[in-house]
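Chemist: Chains as they are written, first to last, in the numbering used here: chain Z, 1 to 111; chain G, 1 to 108; chain P, 1 to 240; chain R, 1 to 417.
Among the clues, some could well be false.
With a straight-line cut-off of 25 Å between C-alpha atoms, the simulated DSS-like cross-links for lysine-lysine are [to be verified]:
| no. | chain 1 | residue 1 | chain 2 | residue 2 |
| --- | --- | --- | --- | --- |
| 1 | R | Lys161 | G | Lys106 |
| 2 | R | Lys87 | R | Lys59 |
| 3 | R | Lys87 | G | Lys102 |
| 4 | R | Lys87 | G | Lys106 |
In case anyone wonders, no lab produced these hints; they're calculated from the structure.
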Amino acid sequence: MNLFANAIHGIPLWWFLVLASALFCIGLYGVLGRKNAIAMLMGVELMLNAVNINLLAFWRYIAPNSATGTAFAAFIFVIAAAEAAVGLGLIISVYRSMQSIDPETLDQLKL
Amino acid sequence: MIVTAALLMGVTLIAASLLRPKKPSKTKLDTYECGMETVGDTWVQFRSQYYIFALVFVLFDVEAVLLFPFAVAFNSVPLFAVLETAVFVLLLLAGLLYAWRKGVLKWE
Amino acid sequence: MTLQQLIFLGLAAVIVLAALFVVSTRNLFRAALMLVVSFFGIAGLYVLLDAGFFAVAQVLVYIGAISILIIFGVMLTRGMQGMEPRNTQAVGGAVVAAIIFGVLVLLLGPFHVTINNREFGNIAWNFAKDATGNAPAVADTYIASLGVALVDVNQFALPFELASVMILLVMIGAIWVARERKVAEVQADRRDILAEEREEEASIEAAKAGASSTGVPAVPAAPGLPETAIAHGAGGHGEH
Amino acid sequence: MNFLTDLLSLIGDFISNIIHSIFSFSPSIADAIVMGLAAIILCTFAALSFMALTYAERKIVARIQDRVGPNQAGPLGLLQPLADGIKMFTKEDTTPAAADRWVYNLAPLIIAVFALTTYAVLPFAPNVVGTNLNVGVFYVIAIGSGSIIAILMAGWGSNNKYALLGAFRTVSQLVGYEVPMLLNVLPIIMISGSLSLIDIINRQTLANGNAGLPNLLYFPLSAVVFLISGIAETARSPFDLLEAESEIVAGFHVEYSGMKFALFFLGEYVNALAVAFMFCVLFLGGYAGPILPPYIWLLLKAAVVFTIFMWLRGTLPRIRVDQMHDMNWKFFVPVSIIHLLISMVLLKVFTDTPSQLEATGGILVSSGTRMLILFVASALTLLVALGIAARRARMNRLAEEEVLAKRRMENMAAAGA
Chain Z
1 MNLFANAIHG IPLWWFLVLA SALFCIGLYG VLGRKNAIAM LMGVELMLNA VNINLLAFWR
61 YIAPNSATGT AFAAFIFVIA AAEAAVGLGL IISVYRSMQS IDPETLDQLK L
Chain G
1 MIVTAALLMG VTLIAASLLR PKKPSKTKLD TYECGMETVG DTWVQFRSQY YIFALVFVLF
61 DVEAVLLFPF AVAFNSVPLF AVLETAVFVL LLLAGLLYAW RKGVLKWE
Chain P
1 MTLQQLIFLG LAAVIVLAAL FVVSTRNLFR AALMLVVSFF GIAGLYVLLD AGFFAVAQVL
61 VYIGAISILI IFGVMLTRGM QGMEPRNTQA VGGAVVAAII FGVLVLLLGP FHVTINNREF
121 GNIAWNFAKD ATGNAPAVAD TYIASLGVAL VDVNQFALPF ELASVMILLV MIGAIWVARE
181 RKVAEVQADR RDILAEEREE EASIEAAKAG ASSTGVPAVP AAPGLPETAI AHGAGGHGEH
Chain R
1 MNFLTDLLSL IGDFISNIIH SIFSFSPSIA DAIVMGLAAI ILCTFAALSF MALTYAERKI
61 VARIQDRVGP NQAGPLGLLQ PLADGIKMFT KEDTTPAAAD RWVYNLAPLI IAVFALTTYA
121 VLPFAPNVVG TNLNVGVFYV IAIGSGSIIA ILMAGWGSNN KYALLGAFRT VSQLVGYEVP
181 MLLNVLPIIM ISGSLSLIDI INRQTLANGN AGLPNLLYFP LSAVVFLISG IAETARSPFD
241 LLEAESEIVA GFHVEYSGMK FALFFLGEYV NALAVAFMFC VLFLGGYAGP ILPPYIWLLL
301 KAAVVFTIFM WLRGTLPRIR VDQMHDMNWK FFVPVSIIHL LISMVLLKVF TDTPSQLEAT
361 GGILVSSGTR MLILFVASAL TLLVALGIAA RRARMNRLAE EEVLAKRRME NMAAAGA
């Protein structure tokens, strides 16, 4: 049953870092290249996940006995949820009054 | 570790796809609405009430990510830390009471 | 090639492909589902990193909560399905993302890049010389030590409390924003906006008409300038 | 005696030894095969228990309603589940023409898979557990919330507005009742100091100098709320208002038929059984018990809990949708939070181990006294909350009746005039 005794055996740290940066850049493209507010929000979620992969990878490889990496990762979870909640609330509110969720049509300072 | 879980999934996937019978289907593939012809699109304007329930749930859900480690460490933290967490939980309760007061938890 | 490496590569492929699907498809519901697949792969990565707690938290928070919120958002704004206009920034965004990715790979990957005798890259090695997959094992008590650190006054007690304050504020703010307002209230608001827009357009039209009827050609040096200048002068919609 | 107690783990060791001797050249392949076998056995167990449960439920609910229940297929109708299975297999499987094919077909699969994965962490006896995760409780709750996605997929994939509405409503019920579940698991984790199900059970036995008191005696409120939200979480009667087959067509799974429908059904039952098992592990001491072997104890306890489910189903009328939401958000969640606060402080102030006293201070009491204090506090909270809720409900009803009476008077006056 010790298949996963040291689960990261043989995987260098940079694999995780490169994967995280790929995910981050895909998320960045999602934010920059889409014209739909919800799609942009999904991009932001991908970016936050990339950050979390980085935090936990560094925690695992460099300081597995300190709680700093894990604590930061936990806070990122909370922040991601808060961001999604407020962001989608705004999107729904905007959609209800403007019938559009294209960020570029939102040129009024009031709904 | 969770390999067993993954295997369980795989096994169920294969089993379920093997179990599925392949019967030829006739032209009775219409959307089922009590035998009536479908009227209009599936496009229904949903009410944002659903969203607000989901929202309150999400915020209570993420709080678990912070509270579960605390609960595991409960035996080795001082009373002061417990009071800190009490403040944490009371703020959540305040949020719930706000939602209650605003009347968004009322199903109409 | 060890089993762990194979698993990592498989997970990485799933994550990246799903993420690419998310940002490229126009069907938002499918994008949300692929986002879930991507999150699931990331949970697998956390298992690989010996952080089982976070793998489960990923399933609980991202898959069980945030994606549901996103799917609700998709369904509540369904009028927008397939109506997304082409974004002129798409190519630019892709280029920017690709450049940043290239730089990050150069910095984080196992390459030796020297510019002006300064060594770039190999950050992973500079931080930890032995970060090649033989890191010390994680203690079983990492969840407990995370819990202690979260409420320890000298460590994360303040962020911990701030997190709850933030959750409270988010709850208040998001409920305030997304609550169902009375129809009359919304309509009044919309009428205001429409009236303002109409006024604005009318003033622009009037200004244009005025400019063309007097027969004065636009100033050749700054073609865009006169219209807006006149509109601002004539429209009188200074109060926004 | 010892042989009977460890029967399951002995069988497991035997099989694992055989496999290891066959694949002696590569221990890791042997390990993988053993794990695969364990997974298959767990799945089979879940599927078999699904069949047994449908039969038992039909029989028991029939008795409650003064009927006989299935009695045609085989002796006492024992072959009824088999007959049902054959029926499901041979039923035509339709896919609506407008459906989103992939999403539509994957949804039942995902529900069943998520339901079955729960069993990977359930401990059946001290050494018989699919995998002893150190995050067991958290895992079970998270997996439970994962199946919500599948419900949304089913609703969307059917491309039927009633299915979609049903999915929305079901999801708003399921996510709601997850909050009290999370909040009521917290006190148990606090008292056990671990997320592992094995540790939680050990805390309730005499092992390691523990008092052998089940958590039910510490947190009766948690137990009650957990059980009821568990029933709501699996959308069983009386919380099945969104797929009430006697009133509306069905919820999110209107369009499904044949084996796919059976998978939804299986998911529901397997989830309900998992909730019963979890209740046993968290509050009743899991497999712990005297004389009888552990797995028998666990199955007995789970059977008792599941009988309570059936009893409630046979007895209670379906609740209304607004009542369902009010009960969760305006009763369970606030009461659970207050209970969490009270038990948190009490657990810290009263300790029952000297080492604990040295480490964090407090008042040293015996285990029994500690239990008694917590029991009284928890039960009092429950009673006070019930009292307040009942008072409010009575006031509301009186106000409603007053309005109705006034309207009746007006109507009579109008008729008289």
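Chemist: All hints, please: hold or fail.
Modeler: To see whether the hints hold, each was checked on the structure:
The hinted pair formed by lysine 161 of chain R and lysine 106 of chain G meets the criterion: a straight-line CA distance of about 24 Å does not exceed 25 Å. Proposed proximity of lysine 87 of chain R and lysine 59 of chain R is supported: the alpha carbons are some 19 Å apart, at most 25 Å. Taken as a hint, the lysine 87 of chain R and lysine 102 of chain G pair is broken in the structure, with Cα atoms around 51 Å apart against an allowance of 25 Å. A C-alpha spacing of about 43 Å is found between lysine 87 of chain R and lysine 106 of chain G, which places the hinted pair above 25 Å, so the restraint is violated.
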